[in-house]
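**Q** Spelled out, the chains give:
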Amino acid sequence: MTISTTTSPAPVLLSADGIGKTYVGEKGAQVEAIGDVSFTVAEGEFVAIVGPSGCGKTTLLRTIAGLLKPSRGEIRFDDKAVRRVPDGFGIVFQEYNRSLFPWLTVRKNVEFGLKDLPRQLRTERAAEALARVHLAGVEDQYPWQLSGGMQQRVAIARALATHPRVLLMDEPFASVDAQTRINLELMTAEISAELGLTTLLITHDIDEAIFLADRVFVLSARPSHVLMEVAVDLPRPRDELATKADPRFLDYRRTVYDAIVHPTTDTTPIATTIPRAEVLT
Amino acid sequence: MKAPTFRSVTHRSVGWIFVLVLMGLWEIAGRRDASGLFPPLSEVLTETLEVLRSDALTNDILPSVARALAGFVLGSAAGIALGVVLGWWRALEPWTTAPLEFLRAVPVPALVPLAVALYGSTDPMKVGIIALGAFWPVLLNTVDGIRRVDPGYIESARVYTSGSSFSILRRVVLPAATPQITTGLRIGLAISLILMVVSEMFGASSGLGYLVLQSQRLYAMTSMYAGVVILALVGLLLTALFSAVEKRAMSWFDGMKGRTS
Numbered sequence: 001m002t003i004s005t006t007t008s009p010a011p012v013l014l015s016a017d018g019i020g021k022t023y024v025g026e027k028g029a030q031v032e033a034i035g036d037v038s039f040t041v042a043e044g045e046f047v048a049i050v051g052p053s054g055c056g057k058t059t060l061l062r063t064i065a066g067l068l069k070p071s072r073g074e075i076r077f078d079d080k081a082v083r084r085v086p087d088g089f090g091i092v093f094q095e096y097n098r099s100l101f102p103w104l105t106v107r108k109n110v111e112f113g114l115k116d117l118p119r120q121l122r123t124e125r126a127a128e129a130l131a132r133v134h135l136a137g138v139e140d141q142y143p144w145q146l147s148g149g150m151q152q153r154v155a156i157a158r159a160l161a162t163h164p165r166v167l168l169m170d171e172p173f174a175s176v177d178a179q180t181r182i183n184l185e186l187m188t189a190e191i192s193a194e195l196g197l198t199t200l201l202i203t204h205d206i207d208e209a210i211f212l213a214d215r216v217f218v219l220s221a222r223p224s225h226v227l228m229e230v231a232v233d234l235p236r237p238r239d240e241l242a243t244k245a246d247p248r249f250l251d252y253r254r255t256v257y258d259a260i261v262h263p264t265t266d267t268t269p270i271a272t273t274i275p276r277a278e279v280l281t
Numbered sequence: 001m002k003a004p005t006f007r008s009v010t011h012r013s014v015g016w017i018f019v020l021v022l023m024g025l026w027e028i029a030g031r032r033d034a035s036g037l038f039p040p041l042s043e044v045l046t047e048t049l050e051v052l053r054s055d056a057l058t059n060d061i062l063p064s065v066a067r068a069l070a071g072f073v074l075g076s077a078a079g080i081a082l083g084v085v086l087g088w089w090r091a092l093e094p095w096t097t098a099p100l101e102f103l104r105a106v107p108v109p110a111l112v113p114l115a116v117a118l119y120g121s122t123d124p125m126k127v128g129i130i131a132l133g134a135f136w137p138v139l140l141n142t143v144d145g146i147r148r149v150d151p152g153y154i155e156s157a158r159v160y161t162s163g164s165s166f167s168i169l170r171r172v173v174l175p176a177a178t179p180q181i182t183t184g185l186r187i188g189l190a191i192s193l194i195l196m197v198v199s200e201m202f203g204a205s206s207g208l209g210y211l212v213l214q215s216q217r218l219y220a221m222t223s224m225y226a227g228v229v230i231l232a233l234v235g236l237l238l239t240a241l242f243s244a245v246e247k248r249a250m251s252w253f254d255g256m257k258g259r260t261s
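The listed protein sequences derive, respectively, from chains A and B.
Going by the UniProt record's numbering, the first residue of the first sequence is number 1, and it counts up by one from there.
Going by the UniProt record's numbering, the first residue of the second sequence is number 1, and it counts up by one from there.
No lab work stands behind these hints, which were simulated from the structure alone.
Keep in mind the model is a prediction, meaning the values are calculated, not measured.
Just so you know, not all the hints are guaranteed correct.
DSSO-like mimics (lysine-lysine), calculated; alpha carbons at most 30 Å apart, straight line [said to hold, decoys possible]:
1. Lys108(A) <-> Lys257(B)
2. Lys115(A) <-> Lys247(B)
3. Lys80(A) <-> Lys69(A)
4. Lys257(B) <-> Lys115(A)
5. Lys69(A) <-> Lys27(A)
6. Lys80(A) <-> Lys257(B)
Only chain B is shown next, with the shape it has when bound in the complex (with noise of 0.2 Å):
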């Protein structure tokens, strides 16, 4: 181990001392500011701790994070299937491609006054909304990363596998396409996170979405900014605990890109 040298230590916090600057002004901004509209950062974060240790932490954001995940694991699990189903079986290519361009076309929060309509504000029309947002990036890689895998592993595995295609799928083409799949993962991770709080926007007397859409109409502008505030941090916790399973899943993967690049 080499000693941390004076550059190494200021290339590793630079971004950070960068983030204290970025609060600062905003505290400053914030105590400069008449309009109410800008609250200083101290009061934010106040208000944050507040709405943490208040009802809201059951009522409203535990409902909201149980929702995206159901969403996100359901459209993810239904992406994986389908996309395995299209990528694998290219005789189904001429049928789909047009359908699934014109689909994913569509901005799936557009979806969501459609979908309040027929079934209201409920959980399985939130969770069904952020379903479909992470269905589509994991379908789209699924099926692509599935196509991309090297013709060379397909051989081996007809050699060694008594060229059962169940088996060529399930021990070859899937591993292979494992980084892929993980990336259309990612996506329709952060994609979950967006529509969960559109989804609540609409009618919605609870969760996340709602508590920051609530606040703006009460003019409780600090705890609109709260409301920010928990949600980025709901995205990194989501964010971080999937890159520790991805690390894990995927070292082969990263190790041998940084062999050959």
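So that you can see chain A by itself, here it is in the shape it has in the complex (with noise of 0.2 Å):
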């Protein structure tokens, strides 16, 4: 078994101290989504948190974006308490449609977080990024002219722009067909090593979490708790065939997906044919 509760050697980032989050539910239930969830995420490390669907996975991320507020614990980035979205954070969304601002050009898209800086470094900055997402010549396009791949860029360039310390992704490549989704994977992995970026992925699909992640957190249903932490102890870069050919990654892919499927250390039933390494509802 390839499991590890290895503490990373870098300086701790951004962490989870049990966090807890529980709603109040439409009929007036209270829904406990998360129940105690904590982890950390060390400087220039990309950790993936992988999950079951309706496992409270979004939930988690807006909790710890800062953009919901948890009923337990706390969430801390750079040594301090987030209460509301720290600057230093650039979070992209699945939902690109809905994230994106369709009355803005590309170009303001991405300049979007850059409000107060000089005209001048906008335009340098959103440059930059929409360089770094490989999308050159599209800059006076709307948003929705654009294929959900390039949208979906588009996104990510946004978030780069703003020099972010931590780039949070909820489910980024859910949306999209097969073939853009592998390419989206690699070019995350290429911009996370080129810019040593904090990279915090949340998805079910136990494959992206693994090609992408130096760590994998993996959650259990709702109320959803870390079931197992993965050091992923694959050479970079990484690559689509040979990576995912490897025996090791095979190794890391069952242990995933067996914590998933059969669930140890919790009670709540899971359904049991999942087709693929795909856990869908």
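Using the hints, build the complex out of the two chains.
**A** Listed below in structure tokens is the structure:
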């Protein structure tokens, strides 16, 4: 088994300490979305959180981001408690069409978070960010004129333009087709590596989590808690074919898959028939 | 470019041909009418040109249009301002819903006699009545438009605007609500024109509404129709102007709709 609980040598930049989130559901019932989640992300580290659909992943991301207040516990970023979205967070949401502003051109969308900078610096930052996501020549178009994959690149560029210290991604590639998804994964790996960017990815896709991350946290079904932490010891740069054929990759995959399908520490029933390595509802 | 086919030409012109047919019917009916209540179109149009060339243009028509526009601008500005406050600060909703439902149910024309009694048939009274008429549709559409802004936009705004509520409102919520605010403005403009006429029918001594009413009293049916034609022309002109501005400001929305529908 390759489960490990080693702490990383770099200083911790972002941490969750006993996070829980209970909200009042539609019929007035208390819904416990997040049970008890703790983790740390070190400076420059790529961490993925993987869990079955409906396990409160999006709620967790919004809580980590400072968009939702946790009911219990605390999020700390740079040794300060997170109470609202801190400066230094770049966030990419799953639904790019509800996240990019349709009344602004691509350029204006990417410059959106740079209002306080002088105009020339804004232009430079936007151009640099668009180059990083391999988008050129669409600056004056509107997001809705682009394909889904290109729109998500714009959303990533908008985050990168602010020179974030942490990049948070919530199922960023769940709404694009398979080929585009692979391209975006490779691009994300490349960007994180080049910039040494601390990245936290939330996904339901086990392969994606292992392929991209240095460490993977596996969540249980609702109310979610961390079932397992996996340190992914695979060489970088990772390759779509070679990495995914590596026996260690397959080991990690089996470990995570088993943890989700047969959670030993969790009593909540989970669907047992799961297609491929993806956990779907 | 494809050459226009016979079909596409007829498709576009069929509406205009129908208008011409109706105008012809009016002319014939008018010539056969002995009551004097339905003058033929040709006479009405001649009279219209005459009115437009007379001092009625500066004495009645332009002041009327100026009042309509002043009322529309004031009422819309107030409607947008209050609409933003009520739409954005949801805590106000329980206090405001019932009074708004009640107040908007009062037809503004019914308030004209009261307004005349209070302020006389003055310009401020007329502008005030027009403003009140434009205010409601703009207010209600602004409130609704702001409340319906996709929460996804607001979350993105909270991430990238350092969280200041005012800045989120100005940079994201208002632009996102613009399509619906514009719908309110469009209705407000139509109501402004109606109230322009109504407000000039009570104790007024000038204006387009006065012109129509006075002609009827003097049994000058042709002049009365000329007044109606001029009102229609004014309405057409202002609506076209509004559409031109709207088209420029809202190209993103039309483009996006075209994509998804």
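**Q** Against each hint, give a clear statement of whether it holds in the structure.
**A** Structure-based check of all given hints:
| no. | hint | verdict |
| --- | --- | --- |
| 1 | Lys108(A) <-> Lys257(B) | holds, 20 Å |
| 2 | Lys115(A) <-> Lys247(B) | holds, 27 Å |
| 3 | Lys80(A) <-> Lys69(A) | holds, 15 Å |
| 4 | Lys257(B) <-> Lys115(A) | holds, 28 Å |
| 5 | Lys69(A) <-> Lys27(A) | holds, 21 Å |
| 6 | Lys80(A) <-> Lys257(B) | violated, 44 Å |
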